[in-house]
Amino acid sequence: MRSDYFDEPLRRRELLQGGAGLALALGLAGCGVGDEPAGSTKKVAKAKVIKAQPDGDLVYFNWAEYLDPKLIKEFEKRYGVKVRESNFDSMNGMMAKLRSGNRYDLIFPTADWAQRLRAGNQLLRFDKEQLKNTGTVYDYFAKPWYDPTADHTVPYALYASGILYRTDKVEMTGSWNDLALDSARGKTYLLDDYQEVLGAGNFVVGADLNSKDPADIEKSKQWALDLKPKLRGFSTDDIQNLVGGNAWIHHGWNGDVVNVRNQVKKPENYSFQKCSEGLPLGTDCLAIPANAEHPGTALAFIDFILEPENASRNIEYMGYPMPYTGPDETFAELVKTDPSINVKIEDLENGDQFRDLGADGRRLWDDAWTEIKAA
Amino acid sequence: MNAGDRFAGRFLIPGGLWLLAFFAVPFVIVVALSFGTPGELGGALYGWYPENYSRAFDPVFLPVLLRSVGYAVATVALCLALGYPVAYYIARFGGRHKHVLIALVVMPFFVNYLVRTYAMVALLSDEGVVNGVLGLDDPVRFLNNPFAVIGGLVYGYLAFMILPVYAALDRMDPALIEAGKDLYGSDWSTFWHVTWPTTFQGVLAGTVLVFLPAVGDFVAAQLLGGPGTYMIGNLIQQQFFGAENWPFGAALTVLMMAFLFVWMVLYLRSAARASQEATA
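First to last, the protein sequences are chains A and B. Yeah, the first sequence ends on 375 if you go by the working numbering, and it's all consecutive. Yeah, the second sequence ends on 1280 if you go by the working numbering, and it's all consecutive.
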């Protein structure tokens, strides 16, 4: 159970500050709300190196069930700090919270969102020397496309998007159109994420994953609209929808099937399908917002997660490959029994990754998505 | 202004400041946002973009408006059907337990609406408590349809109907009913010609108190609804948390408030007329 909207009420002080800022903001028409780079913190960051040492409680902002809670407990114990956890259920939701002035110490953006945040000076540039355990990170991430200096993000996990399904309930054919199977009518969910839905649609209509051609997006939108009568809902909570039995077919992410299997009585009934028309791939990152209050604790936490033993345990819990030599053997074990959930670094090099669409592209996709939801 | 008035006037200061800080100022921000344009990193750039308003009248959003109003009307009707008898019973036959019974009506409100809605999910999901008790091979699909949304709204706002209706019934002099009966009115005609008109202002207040939050609600549709139960509240929420389009979300909010304001004014005028008639 979680809520994206109510877990973090606006603090009174922030509201008052917003009020005080109003007169100024109105006077300076053209200035953005929350578009100022987080000034003071950034200056401090440049002036002195932030050490990977706890400097307060960790305000942690992640997907739900995406990191072993036992590791969080152990981190709290080792460093004598609290981890204050809240969850987002989409990248847009994460961004909205950041932009409305909430301060977090650690966030988990996907690569394309990390790139946007970095370009907008919203991510803390950290001193790589502070992280002792990054030696195991794959070479691919020495200069990733979304963070060429590799000092604003650390890769957390690789993922692929496809379809999770109940092997005891439905016969799959390997296509994205399995989302329209009548055998799971009313038991099918699409991800509540405009990139994932329109991206999958783009593959189905033969377009590029990140197409910005309005004709492609129109076709992709129509594909989603045609699916709608068969759906039970839009949700990013693929784990709980499957565990609770409401979903037999769920547009979702590869590793989540491992998490589902950990929670159900008959794990053999749950599987993941990569779809033949195209496979969206991505990287989730660890990053520290530029206005973080406790960047030292955040760095210590990142280093803690990178410890090979901790990473291995985390992989067993959440089911996604972490791109670190050593812990990847744990994932190799998981994949031995279920190759369908594998994502390799070569896939990432050659495959289709979500990219930032730019303002106009985002607008095009957003508008199509709003129509899909409103219909 | 005499001294007494000035003294009484001071009582308005805390509430006035509160309204200024938490209603007037945020409202001005929302209006300013509604003429803005989305920023590169979400958020908004202020400016003059009235197209946010013209977009709201795009026919693709018409189903959302009709759906929201439809759900809210159904919610009001059900709340009235369920709430009036409860209020009637408590007011007329509650006796010395009246206050306990009213406290029981209010009790669920000690728990946040969101939490109560989640509780409905836990109770009614396919493998939830109710289906567990029923024990059918094919679980009943209670959730993710319009009925679940309306049910959630009724559950969420029922007390807003019961309380004003109860207050109206409680104020009503029971002798009026006896008088109706003395004039050979049947139970039903006494109710229809005496009790109902006397308590109508309470019903109207309850209707407004239920309708206004229900039509703008997004929690019920979000948690209990399906793909086809999108309401205005969801559309607005989507603009802020899903589409990085705060300005359009703000424009929808302003239009929504204008729409609700019309109903509020109609209600206030009716209430004012009724109280004039009562004192006349």
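Simulated from the structure, these hints should not be mistaken for laboratory data. A few of these clues could be false.
[What the hints assert, rightly or not] If you anchor each label on the Cβ, the simulated ranges turn out as follows: (1) 182/A <-> 1136/B: 16 to 24 Å; (2) 1123/B <-> 48/A: 48 to 56 Å; (3) 1111/B <-> 84/A: 37 to 45 Å; (4) 1111/B <-> 53/A: 35 to 43 Å; (5) 1147/B <-> 182/A: 16 to 24 Å; (6) 69/A <-> 1257/B: 51 to 59 Å; (7) 145/A <-> 1137/B: 48 to 56 Å.
Yeah, the Cβ is synthetic: ideal placement off N, Cα and C, and Gly gets one too.
Results for each hint:
1. A beta carbon spacing of about 22 Å between residue 182/A and residue 1136/B agrees with the range 16 to 24 Å that was offered as a hint.
2. Residue 1123/B and residue 48/A have their C-beta atoms about 54 Å apart, which keeps the hinted 48 to 56 Å range intact.
3. Distance hint for residue 1111/B and residue 84/A: a CB-CB separation of about 23 Å, inconsistent with the stated range 37 to 45 Å.
4. A beta carbon spacing of about 41 Å between residue 1111/B and residue 53/A agrees with the range 35 to 43 Å that was offered as a hint.
5. For residue 1147/B and residue 182/A, the Cβ-Cβ distance of about 23 Å falls inside the hinted range of 16 to 24 Å, so the restraint holds.
6. About 41 Å separates the C-beta atoms of residue 69/A and residue 1257/B, a value inconsistent with the hinted range of 51 to 59 Å.
7. Taking the beta carbon of each, residue 145/A and residue 1137/B are about 51 Å apart, inside 48 to 56 Å as hinted.
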